[in-house]
Amino acid sequence: STLRNIASWRVKETDRLSAMATELRKLGAVVEEGEGYLRVTPPAKLQPATIDTYDDHRMAMCFSLSSLDGSALHGTTVRINDPKCVAKTFPEYFDVFAKLALQTLL
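Per the working numbering, the sequence shown runs over residues 47 to 152.
It is worth saying that the hints were derived from the structure and are not from the lab. Because the structure is a prediction, the values reported are computed rather than measured. Quick reminder that beta carbons are idealized off the backbone N, C-alpha and C, glycines included. You may find that some hints are simply not true.
As the list claims (entries may be wrong) - Subject to a maximum C-alpha distance of 27 Å in a straight line, what follows is the list of computed DSSO-like cross-link-like pairs (lysine-lysine): (1) 130 with 72; (2) 145 with 130; (3) 58 with 134; (4) 72 with 58; (5) 72 with 91; (6) 72 with 145; (7) 134 with 145; (8) 145 with 91; (9) 72 with 134; (10) 58 with 130.
Claimed, not checked - Label pairs and their in silico Cβ distance ranges: (11) 61 with 152: 18 to 24 Å; (12) 56 with 145: 33 to 39 Å; (13) 68 with 91: 17 to 23 Å; (14) 148 with 81: 17 to 23 Å; (15) 148 with 57: 21 to 27 Å; (16) 136 with 94: 23 to 29 Å; (17) 137 with 74: 27 to 33 Å; (18) 52 with 121: 30 to 36 Å; (19) 90 with 147: 28 to 34 Å; (20) 56 with 90: 18 to 24 Å.
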């Protein structure tokens, strides 16, 4: 998959384009990063990873979704460093997410 016309991601709270590439690679994706695009080839199976948020609530929320693929049921863990960064916009995000994840995965 290719995300195009996303050069503006470089000038947000963090360089989200570079941050996304770095964190996706931790999950096992093959990522090509260009000036204004990301080309992502997902892994056949997610790799266990500890995701850095760069103090960016959107990074924490985005990468939490990777756990919904069911890999956690087979021991693959995705940990989010500094999950409290979501307090900026949605303090109860991970409480709500946990309920949704249980419904989705069971």
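Results of checking the hints against the structure:
Simply put, residue 130 and residue 72 have alpha-carbon atoms about 21 Å apart, close enough for the 27 Å limit, and the pair holds. With a C-alpha separation of about 17 Å, the suggested pairing of residue 145 with residue 130 holds against the 27 Å cut-off. For the hint linking residue 58 to residue 134, the alpha-carbon distance of about 15 Å falls within 27 Å, and the restraint holds. With a C-alpha separation of about 22 Å, the suggested pairing of residue 72 with residue 58 holds against the 27 Å cut-off.
Of the supplied pair hints, the one linking residue 72 and residue 91 holds, its CA atoms being roughly 12 Å apart against a limit of 27 Å. For the hint pairing residue 72 with residue 145, the CA-to-CA distance comes to about 26 Å; that is within 27 Å, so the pair holds. Between the alpha carbons of residue 134 and residue 145 the distance comes to roughly 21 Å, so the proposed pair stays at or under 27 Å and holds. Taking the CA atoms of residue 145 and residue 91, the gap is near 24 Å; set against the 27 Å cutoff, the hint holds.
Pair hint residue 72 plus residue 134 holds up; C-alpha atoms about 25 Å apart against a cutoff of 27 Å. Between residue 58 and residue 130, the direct Cα distance comes to roughly 19 Å. Compliance with the 27 Å bound is thereby established for this hinted pair. Taking 18 to 24 Å as the suggested C-beta distance range, the pair residue 61 and residue 152 does not conform, at roughly 37 Å. A C-beta distance of roughly 34 Å is found between residue 56 and residue 145, which places it inside the suggested range of 33 to 39 Å.
The hinted window of 17 to 23 Å between residue 68 and residue 91 holds, with their beta carbons roughly 20 Å apart. Here the CB-CB span from residue 148 to residue 81 is close to 40 Å, at odds with the stated 17 to 23 Å. Hint check: residue 148 to residue 57, Cβ distance near 37 Å, so the stated range 21 to 27 Å is violated. The hint said 23 to 29 Å for the Cβ distance between residue 136 and residue 94, and at roughly 26 Å that hint holds.
Against the hinted window of 27 to 33 Å, the Cβ-Cβ separation of residue 137 and residue 74 comes to about 31 Å, which satisfies the hint. A hinted range of 30 to 36 Å for the beta carbons of residue 52 and residue 121 is consistent with their spacing of about 33 Å. For residue 90 paired with residue 147, a C-beta distance near 22 Å fails the hint of 28 to 34 Å. Distance hint check: the CB atoms of residue 56 and residue 90 are about 30 Å apart, inconsistent with the given range 18 to 24 Å.
Going through the hint list in order, the structure does not satisfy hints 11, 14, 15, 19 and 20.
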